[in-house]
Amino acid sequence: MPSAVGGISLEQVQHNLQQCLARKDAAGAQAQLQKAKLILLQQNSLVPSEGVPVGQLKTARSVLEVGALLAIRRRDPDSFVRYYSQLQPFYEFSGLQSSPSPNKSQVTGLYLLLLLSQGDYAGFHTLLESLIVSEGINGGKSVEDDIYIKYPVDLERSLMEGSYDQVWRKTNGRDVPGEEFALFSEILVHTIRSEIASCAARSYPSLSIASAKNLLFLDSEGAVSEFAQEQGWSLEEGRIHFPGLPEEKKGQEGDQKEVISHMVQYAKDLESIV
Amino acid sequence: MSGDKGKRNSVSRPNDHKRKDSKSKSQKDTQKPKDKVGDEEMTVVVPPSKGDAGKNEDVAMNGTDEAKLKDPPVDPKAKAIADIKANLTLLEKAVSLFDPRFTLRVLRNIPSVRKQLSADLLARVIIETYTTPTPTSFALLKALGDEEGFPRADADAWVKKKDSAQSASKKSDTTPKEILAEVDVYFSILIQVYFYDTKNIESGAEFSEGLIGYLKPLNKRTLDSLAARAYFYYSLFLEETDPKPPSPNAAVVSIRKTLLDALRTATLRKDQDTQAAVITLLLRNYLSTSRITQADLLISHTQFPDSAANNQVARYLYYLGRIRAIQLNYSEAHDHLIGATRKAPTSYKASGFYQASTKLLIVVELLMGDIPDRAIFRQPSLEKILSPYLQLVQAVSSGDVNAFQNLTQKYSSVFRADSTYTLILRLRQNVIKTGIRMMSLSYARISLRDMCLRLGLESEESAEYIVAKAIRDGVIEATLDHEHGYMRSKDVGDVYSSNEPFDAYSSRIRACLALHDESVKAMRFPMNQHRLELKKAQEARERERELAKEIVDGEIDEEDGPGGDFEGI
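As they're listed, the protein sequences go chains A and B. So the number in this note's numbering is just where the residue sits in the first sequence, counting from 1, plus 72. So the number in this note's numbering is just where the residue sits in the second sequence, counting from 1, plus 982.
Note that these hints are calculated values from the structure, not bench results. Values in this document were obtained by computation on a predicted structure and should not be read as measured data. Backbone N, C-alpha and C fix where the C-beta goes; we use that ideal spot for every residue, glycine too. Accuracy of the hints is not assured; some may be wrong.
Said to hold, decoys possible - Using 27 Å as the maximum straight-line C-alpha spacing, the simulated BS3-like pairs for lysine-lysine come out as follows:
1) B/K1097 to B/K1181
2) A/K222 to B/K1392
3) B/K1239 to B/K1226
4) B/K1061 to B/K1075
5) B/K1226 to A/K130
6) A/K340 to B/K1503
7) B/K1226 to A/K176
To be verified - Derived DEER-like restraints, expressed as beta-carbon distance ranges:
8) A/V331 to B/R1527: 43 to 53 Å
9) A/Q337 to B/K1202: 39 to 49 Å
10) B/A1486 to A/K176: 46 to 56 Å
11) A/D291 to B/T1275: 23 to 33 Å
12) B/A1486 to A/Q328: 14 to 24 Å
13) B/R1492 to A/Y193: 23 to 33 Å
14) B/D1243 to A/V331: 52 to 62 Å
15) B/G1456 to A/Q328: 15 to 25 Å
16) B/D1138 to A/G123: 44 to 54 Å
Excised from the complex, chain B in its bound form (with noise of 0.2 Å):
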C-alpha cells in the first residue's frame, strides 16, 4: 500500500495525553475497536466507543455491579499482558501497511497498562514474545533485572535457551520468527514508563542513554512517533536527576548536545514528529535554566513542522509564548499563548498544562493592560489553582498600588514555582497606570497632590511626571496645568461613533475566518471514499433522470391539477 506515502494527512488529533506536570491516565482512551483491524481497506475513522474502556473500569471502579455480574473477575495483570500483546500485532500491521495511525494508537494504549506495569510482567511478557533471545531482549532483561519482584528462575531458563536455540537453529530449516525494531522500542518504552513511574531515575536516565543509543542508526519512518516518546522520557528523567535546574550544574545541560543532534538528525531524516519533540524539549531545557537568548536562537534557526501533533504544538506555542512575554513582545506573546490554550487538552486529569498556560495568559494580558475575563477564573478545574492570581488581578483593576505590593510578597513562592514571578513584578506601573486612568475618569479636575496621596506615589513631582507619560502613552485623555498643580480630564467621545467597535469586530471576523481555513485544511477524508461518493452521485443522477421522465410522462395527465389551482390566484 505504497499509495498511503502520499495521503499521510497532518493529525491533528490528540495522539498522546501526556503532559509534563501530571500523570495522566485519560479515562476517554480513544480505542478503536479492535475489529476494525483486519479491514484490507483504509477504513473511516469511527468515533471512540464507550465499551473498550472496559478494562479501566474494571480497575478503577470498584464497586460496579454490573461488570461483576457480566464476566468473572478478569485479571488485569493478564488483561495487561493480552493488551500488550495486542499492541504487537498492531505494530507489526503498521509495519507491513506503512501506516503511522496504528503507532499512535499503541502510544495511546499506555496510559491503560501503565498502572499495571511491574518487573515480573514485563519479564514474562518480554520472555513470551522473544522466542529467541537476541541481545536487544537481553539488555532488557537485565536492565529489569535488579528490581524487585523480577521473575529469576524464568530469566535464566530463557537465557539458556539462547545457547541452545543457537544450535537447534542451525540443524532446523525453520527461521525464528523475526521481531521488528518498532517491537523492542515498545518495550523499551514500557520500561521508561515503569521507571518513572516507580521513580527510579538512575536507572532510568541510564536504560534512556542506551536507548537513544539504539535510536540513533536506525533510520525507519514507523520508528519516528516511538522514538519521540523516546525522547521525551529521556528529557524527563535527566531533568530529575540532581543537580537540578535552574543551578547552572544542572544535569539537563549535559542533554542539549545529544537533542541537538537528534534534531539534526530528524530534520534530515525527515522525521516530523521527532523533529517536534526534540524542539520542544530543547526549549524546555533553555527556559529551566533561564537560556532565554539561546532559545530565541533555536526558534529563529529552526522551523516547527507544520504537521506535528496537535499537543506538540500546544507546547511550542506556550514555550514560545512564554520567550516572548519576557522579551516584552506583549502581543505576539499572547497569540501564541491564546493558540496554546486553544489547543491544549480538555480531559480532566490532563489538566496541567491548561492551568499552566492559562496562568501565564493572565499575567500578559495584565501585562498588556487589558483586566482578564471574570469567566475564566470560574472554571471548576481551575478554580483553586488560580486563587492568588484571581486576588492579583482584582489588585491591579483597583488600582491599590499598597495592596499589589502586599500580593507579591505573599505569594512570591507560589509565584516563582509558576516561573511568572519575574513577569509580576513589571506589573507595578499597570497597578499606577489602572489606578490613573480611574481617577481621569471620575474626576473632572483633580490637583496633583490628590492624586499622589491616592496612589501612594512618592511626590507631587512624580505624579506630575507619570501622568504626563500617561496622557503621551494614550492611556488617559487630559491636561495638565503645571502653575496651579492640577490635571483637568478631556470629555470621553462617543465610542461608538468612533472605530473601535469596527477595530473589535474586524479582528473576530479574521480570527472566525483564520479557524475556518485551518479546520478545511485540517480534513481528513479516508481514502476511497470518493469513489462511493462517485457511485452515489450516478446513482442519483439516474434516480433524477428516471423522475423527471416520470414526470414529462405524468405531466400530460396532472396538467389539470397544479395548474388549475393557479388559475384561481
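Just chain A, same shape as in the assembly (with noise of 0.2 Å):
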C-alpha cells in the first residue's frame, strides 16, 4: 500500500512533527499536522477497522494525539474536543489493547479537565465512572497512580468540598503534571473566585480589604475594589459590605398562596375519589 503523497512519506510528516514540535514551532507543527491527515486519509486509517495494519493504526493514533495537543495549546477547545472524539475509537479498538499508548492518560487527563472547566460535572462523573470500572478490572494501575488524571480529580474533589485554596495551591504549585496542564489554571481560577465572592457575601457581615484579598486571592486593593464594584458590594472606610438577603420577607405572602392552591387541589382530588 503506498504510503506517499506526491513523493512525501507519511513517517517523514511525522518526523517533521515531531521536530516543530521540539521547536516549539506552532504554525509549522500544524502544516505538517494537515498533511498527516491528508496521508491518512488516502490510507483509510482515520477510523480504526479489520483492514488496516496495527503499524499504520498506531501512527494515526499518535498523529491525533499531537493534534489534540495543539489544539490545548493554541486553546481551542471545540478542536481538542474533536481530536478527542476521533481518538475514543482507537482506544478502544480491539486490535490495539495489547499496545497502548502513551499519552492516552494526558490526552484523558486533559479532558477531564476541559470539562471541569467548563462546569460540566455529570460529564467529568461520567468519564470518570468509566476509567474507575476499567481500572478495577486491570487490577494494577489506580486513578491514583496516574498522575494525569489525579490532577483533576483532586481538583474537583477540592472544588466540591469547597476547600478553595488547595484548588489555588494545586493549580499553582508544581503539582501540574504538564504545561498544557497549566493553561486551564487562569480559568480554574477565575472560577473559584467567583463562587469565594458568592460564599462571602452569605457569611461575612463585612469583610476589611486586606482580608478580601487573601481571600480572594488577588493581587492588589485596587484589584479588590475592582471586583467589589463588579459584584454590585458597597465599599465603606476600607471595609466591604455585603447586600442584605431580600428573599426572606417575601417568602410569606407566597407560602399563603401556595397553601390555598394545594387545599384547594385536594378538595378536587378528594371530590375526583369520592
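Got two chains here, each in a separate frame; can you build the complex from them with the hints?
Below, the structure written as C-alpha cells:
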C-alpha cells in the first residue's frame, strides 16, 4: 500500500512534526499536521478497522494525539474535543489493546480538566466512572497513581468540598503535570474566585479589604475594589459590606397563596375519589 | 373471540420470577386451577390455590408423610413431562382464544419444571410431541445431541420415521397435526434454561443465536412474551462468555446491533413485551461496559411501553436510577429507585433484585444528604448483605472522615462488585458537611482551628472556605468572623412554624394520590361481569320496589307503632 503523497511519506511527515514540536514551532506543526491527516485519509486509517495494519493505526493514533495537544496549546477547546472524539475508537479498538498509547492518560486528563473548567460535572463523573471501572479490572494501575488523571480528580474533589485554597495551591504549585494543564489554571482560578465571592457574601457580615484580598487571591487592593464593584458590593471605610438577603420577607405571602392552591387541589382530588 | 383484542388491559402482575442474579424458584406459583381452562367464558381471576404447589412440595420437602400417605410417590420426571404436555395445550388455547394470559401461565410454570430438565427428558418430550419430524424439531434434537443422557436410540428411530412418514403422508388423507410455532419456541426456551442451568455457555449461546434468527421473521402476537424470554436468555448467555464485561472487548458488545434491530422490529410491530425486555437488556449491556452516554441516548430516543410487565418496569427504573445517579441528578435517581424497590418482587427466593436496588437507594439517599431509615437494615432478607452499608451510613452520620476513608478501603471489593464504588467515593464531601452541621448545632461559637482539627481538614483556610460554602449551600445557618477566626451559629427557629411540615405532608399526599390513580388505572375487570352487575342491579331495584310497596301497604297498619314512639319525645 503506497503511503506517499507527492513524494512525502507518512513517516517523514511525522518526523517533521516531532521536530516542529521540539522547536515549539506552532505554525509549522500545524502545516505538518494537515499533511499527515491527508495521508491518513488516503490510507483509510482515520477510523480504525480490521483491514488496516496495526502499525499504521498506531501512527494514526499518535498523529491525532499530537493534534489534540496542539489544539490545547492554541486554546481551542472545540478542536480538542473533536480530536478527542476521533481518538476514542482508537483507544477502544480491540486490535490495539495490547499496545496502549503512552499519551492516552495525558489526553484523557486534559479532557477531564476541560470538562471541569466548563462546569460540566455530569460529563466529568461519567468519564471518571468508566475510568474507575476499567481500573478495577486491570487491578494494578489505579487512578491515584496516574498523575495526569489524579490532578483533575483531586481538583474536582477540592472544588466540591469547597476547600478553594487547595485548588489555588494545586493550580499554582508544582503538582501540575504538564504545561498544557497549566493553561487551564487561569480559568479555574476565575471560577473559584466567583464561587468564593458568592460564599463570602452569605457568610460574612462585613469584610476588611485586606482580608478580602487574601480570601479572593487577588493581587492588590485596587483589584479588590474593582472586583467588589463588579459584584455590586458597597465599600465603606476600607470594609466591604455585603447586601442583605432580600428573599426572606417575600416568603410569607407566597406561602399563603401556595397553601390555598394546595388545599384547592386536594379538595378536587378527593372529590374525584368520593 | 376477537373482542378480546381490545380488552387487553395492562398486565401488572408479576409474570415471571426471573431475576438477573438469582435463580428464583418461587414456591408460590400462581397457578390457577386447571379446570378453569375449559370454560368458554372469560373467567374471573381466582386467587392462587396452594394445592397446585403440590408438585414442588413433593420434590423439595422430603419428610412430608402426608403426601406419601395420600398417593403413591409420584415420579417427578413423569410429572414434569405431564406438565410440559399440559402447557402445550395451554399454548394452543392461547393461540385460538388470543389471550396472552395462557402464555404467561406457561412461562410461570418454567421454574417448577426447571429442576427436572435433562437432555433425556427433553428429547423424549420432543419425540412424543412431534409425530412427524419437522426441520425445527430436528434442529432442537441436534442441539441436545451432544449432552449426556441423550437417548440416541430413540432419536435415531424417530429420525427414520421422518423418511417413512413422508412416503406415508402422500398416501393417506389425514394430514399430520400442525405443530404451532409457539410450541417450537417454548421447547427452545426450555432448552435454553437447561443449558443455562448446566452452565453450558457456548452451546447455549450458539443455540440462542439460532433461535433469535428463527424468531425474527415470525410476526405473531401470541409469540410476544415467549420471544421476550428468548432474548433474555440470549443476552444472559453472551454476558457469561469470555471476555466478560467490563472489559472493552466484551462479547456483549457484539450483540448490541442484534438487540437494536430487535427493538426496531418490536416497536414497528407494537410488540410491547419484547420492546420492554430488549430495552432493559440494552441498558444492562451499556451499563456493564460503562457506556453511560449511550445508555442515556437510548433512553431519550425510545419510549418504554406503558403496559409492560411489572418486573420489566422495575428493572427499567433501576437502570434509569443508576444512570441518573452517575450524572449527579440525585433527586430523579431517588424517585426512580423508590419505584423500582416498590415494584420489586417480594418472594424470598427472588430477593436479589430487591437487595441490589436497596443498596443503590441507600447510597443515593446518602448523596442527597439524607440518612436512610434504620428500619431498612433490619429486614431479614437484607440484614447480612447490607452490613457494610450500615457501617457506611454510621460513618457518614457521625461526620468522621477518617472512619469513612478506612471503610471505603476495607470494603472496596464489595462496593466494586455492587457497582456502587464510584458513587461512594463522592460521599467524602457529605461526611464533611454532616460534621459541620453537627458542630453548628452543638456549638454557639467555635473557632475555625477547632473545627479543622475535629473534622480532619488540612488547614484553617480550608475550614474557612468549606464553612462558607456550606453556609451558601444552606447546610447550616451561621456567620463567619474572619478577623477573629470563628464561626457563630444562628439560632434555628421553630420548625413547626415554618413551611416544612406542610411540604412534608404535601409530598406524602401527592404520593398517595398518585398511587390511587395508578391503581384505578391498573384495575382489570373480567369480561362479562358488568352484565352480571346489571342483572344484579335490576334484581335489587325490583326488590326495592316490592319492599316499597309492602311498606306503603303496611304503613297504614303500622302507623301507630313507630309514630307513637315519636310522640313520646
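Evaluation of the provided hints:
1. B/K1097 to B/K1181: Satisfied, since the Cα-Cα distance of roughly 14 Å is no more than 27 Å.
2. A/K222 to B/K1392: With a Cα-Cα distance of about 21 Å, the restraint between A/K222 and B/K1392 holds, given a limit of 27 Å.
3. B/K1239 to B/K1226: holds, 18 Å
4. B/K1061 to B/K1075: holds, 21 Å
5. B/K1226 to A/K130: holds, 26 Å
6. A/K340 to B/K1503: holds, 18 Å
7. B/K1226 to A/K176: Distance of about 23 Å is within 27 Å: holds.
8. A/V331 to B/R1527: 43 to 53 Å: The hint (43 to 53 Å, Cβ to Cβ) holds, given that A/V331 and B/R1527 are roughly 49 Å apart.
9. A/Q337 to B/K1202: 39 to 49 Å: holds, 46 Å
10. B/A1486 to A/K176: 46 to 56 Å: holds, 50 Å
11. A/D291 to B/T1275: 23 to 33 Å: violated, 41 Å
12. B/A1486 to A/Q328: 14 to 24 Å: Between B/A1486 and A/Q328, where Cβ atoms are some 18 Å apart, the hint holds.
13. B/R1492 to A/Y193: 23 to 33 Å: holds, 29 Å
14. B/D1243 to A/V331: 52 to 62 Å: Once the Cβ atoms are compared, 54 Å apart, the range 52 to 62 Å for A/V331 and B/D1243 holds.
15. B/G1456 to A/Q328: 15 to 25 Å: With a Cβ separation near 23 Å, B/G1456 and A/Q328 satisfy 15 to 25 Å, so the hint holds.
16. B/D1138 to A/G123: 44 to 54 Å: holds, 46 Å
Checked against the numbered hints above, the structure violates only hint 11.
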